[in-house]
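Respectively, the protein sequence lines represent chains A and B. In terms of this note's numbering, the first sequence opens at residue 1 and continues consecutively. In terms of this note's numbering, the second sequence opens at residue 1 and continues consecutively.
Hints are computed from structural coordinates only; laboratory data are not their basis. Note that the coordinates shown come from a computational prediction; the quantities given were computed from them, not determined experimentally. Yeah, the Cβ is synthetic: ideal placement off N, Cα and C, and Gly gets one too. One or more hints might be untrue.
[As the list claims (entries may be wrong)] Computed, partial: chain B to chain A, Cβ under 7 Å:
#1 Ala172
#2 Glu176
#3 Arg177
#4 Gln178
#5 Arg181
#6 Ile185
#7 Arg280
#8 Leu284
[As the list claims (entries may be wrong)] Derived coverage of chain A by chain B (criterion: at least 3 residues anywhere in the stretch with Cβ under 8 Å from a Cβ of chain B; other residues may be distant):
#9 64-76
#10 87-98
[Said to hold, decoys possible] Label pairs and their computed distance ranges (CB to CB):
#11 A:Tyr16 - B:Val80: 53 to 61 Å
#12 A:Glu119 - B:Gly103: 49 to 57 Å
#13 A:Arg57 - B:Ile106: 55 to 63 Å
#14 A:Gly11 - B:Phe115: 51 to 59 Å
#15 B:Arg177 - A:Arg13: 42 to 50 Å
#16 A:Gly137 - B:Thr122: 48 to 56 Å
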Amino acid sequence: MTAQRLLDIRGLRAGYDGVAVLHGVDLHVDAGEIVTLLGSNGAGKSTLNNNVSGLFRPYDGAVYFEGEDITGASSTHIVARGLVQVPEGRRIFPNLTVRENLDLGSYRRARQHRASNLERVTAIFPRLGERMTQIAGTLSGGEQQMLAIGRGLMAEPRLLILDEPSLGLSPLLVEEMFALIRRLHVEGLALLLVEQNVVQSLELAQRGYVLENGRIVLSGQATELCEDPALRRAYLGV
Amino acid sequence: MLDPVILLPAAINGLTMGAVYALVALGLTLIYGVLHIINFAHGSLLMVGLYGAFFLHRFGVDPYLALLVMVPALFALGYVLQWSVIGRASHGSDQNVLLVTLGASIVIENLALYFFSADTQTIDTPYAIAMVDIGVALVSLPRLIALGASLALAAILWLLIARTDLGRAIRAVAKERQGARLMGIDVDHIFAMSFGIGTACLGAAACLLLPMFYVSPHIGHVFVLVAFTVVVLGGMGSFSGALIGGLLIGVTESLCGLLLGESLGQIGIFLIFIATLLFRPSGLFGSRLS
Ligand SMILES: Nc1ncnc2c1ncn2[C@@H]1O[C@H](COP(=O)(O)OP(=O)(O)OP(=O)(O)O)[C@@H](O)[C@H]1O
Ligand SMILES: [Mg+2]
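If we strip away everything but chain B, and leave its shape as in the complex, we get:
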């Protein structure tokens, strides 16, 4: 059972899923790191992204092409949500923000239930079952694309945060708001940009997931638990932590699934979650947004 011939493909499959987890977690950790908000609406916004890509597919738009629509659309949604709802309702109080994001997620999910029903749905694409031989294993094409695209997007996000004025301002606002305002940085705008970028990650994740996953109004829960685990494991607010944590969790889930049976795959994730909280509560990577 521990033959590398079986383990290696499982690990690679886990890596592909882990890359998507990382993308979702990067969004979450960005929002947390800058706004100090635990965004409970993160899963619901991923669900919105999935339905968006799902309906675009109905109109004949390929999910990967839909990236070009869904990333800007979810960015705009996140920006507006922070600017007009969360920022306004929070008044700088943490409990308020918690309740507002929780409330937003309940509203979004129930709207989805009302309009789309609770049924799970999937799409058919010509490449859904295509397999690629990468030498050591056969990997399904959508998974391979998810891995490559997620890593590429993470790299772009890193460049944005590390190398642009917007990214510098985002990191500045995370730590020193008054100093930022005195340099003429519009803090509310930067908050909304951070929330928007964090949500845009979900738009990308949704398009990458759709060819290999299903859609339902509750799908956000599946990912948000994993994303929270990744963020805790990687260290709240840490960029590299979210990336490596995501990959790690993906591999763990896949290997646990292999060893314990598909339905128990997620047990490994929660064992990691608990172990992290017990032994390294600040996560594997302490540094924030750097």
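Excised from the complex, chain A in its bound form:
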């Protein structure tokens, strides 16, 4: 059985102001998978996400989403197709209410299902449901992260990219975050998960990639990566 290929990145070269950060990255995500992207600070993980999401135009290589070439496509088109990113640093709309943030999650996609998706998101995050009229900028860090994910879910993504969702969360909330990701996955969502919590994300994911200095240096089944001596040395200090 061959799973449906959702995201297919081939030989991606990208960077800023002509200086390449990614030097030819190959990566794919199939339907129903959690794929984790690991790598130290500055490796280029967010650069990859943002080029896939259409915030920047790659220098070379190609990005396919559900068979369609979306290399260099606009972010509006990419979101409309169902490839949604919850970015590093959340980037919620601080001057809008929680409710308005969620509404805008369905600005480009799934607008007709706004009411039912709102119910679904507040069922997942009851704390957001209690705070619908609060100005988003006044939420706690953890609540802001929930809002960022909730806003992303409002678009009914086909593939959700989560860039460091546990960043800045207390250990307890990190646990909650991973439980949530598992739950979304069980409900059928495919995820590309960028994480610093190597062990936990490898436990959750089916496959993983390790990015170093803009190149994939290691990839494979999550269980195998967990045992890899080089990875254990680099990320776990053992």
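For chain A, the structure is supplied; the task is to place chain B with the ligands on it using the hints.
Chain B with the ligands alone, transformed into the frame defined by chain A:
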């Protein structure tokens, strides 16, 4: 001289003019709040609106009917101006934008001078001198219409900003552009929409002003100084600030005119401007676009 019988009509007259100031300032503050542009072309675009309504009147279109043409026309003009000139030339740099809007205003004004000459012109309408007795004062009909229509348009604008997806996107883009793009919001389109809506306010203001004012290529200056004062007074980017600030400035101007003589009416405005900058530089209402 401070008899309420004189003061009250003056204050009401000031309120009517203030409502138009508010409309002009709402456009300015919207553009500033979203694009962080100080739009020096705002006055010239009002002038374009006034000439548009003026020539429509020549073809027999009543200025109030002309609203239906001038509001969409100025919206389109503003949208295209932002999309094809200002947005393209600015490259995200503030000095550039300043120069581009200043340049645009000089071009527009000189085109108006070339085509329409520097003469001031007015229109005649059957209702220009009609007065309405509102109990406490006699108010001219065009002024009363200007007040009512400006407040109604401000309310519509508020609903648009507060209650629609477009309005939410406008406010979102004002603060968090990257987050907006990741939600599939077309930021350049929202910029142009904001500029277009801000300019559409001028189309409305022009039609409301024409029956009680004059037209000349330089008329924009009169209003743009007042509008900047209103925006500073109300707090840059603040919706309610622009509305209340506009009304306040209108009343101040009218009362100062009454007390100091017509030609000195504007002194009060600039005293307020300076006092605001000295004592409350963030304006009376700090909040932006909310
Ligand atoms: N907007 C930008 N302009 C210029 N350089 C950038 C920009 N964003 C990132 N970079 C540079 O690109 C490189 C990769 O950054 P990137 O954010 O992709 O790393 P990352 O793997 O996401 O790191 P982290 O784990 O810290 O989030 C870094 O050297 C960074 O300084
Ligand atoms: Mg990053």
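Quick one: which hint numbers does this structure break? Sort them smallest to largest. Hints 3, 7, 8, 11, 13, 15 are the ones this structure does not satisfy, whereas the remaining hints hold.
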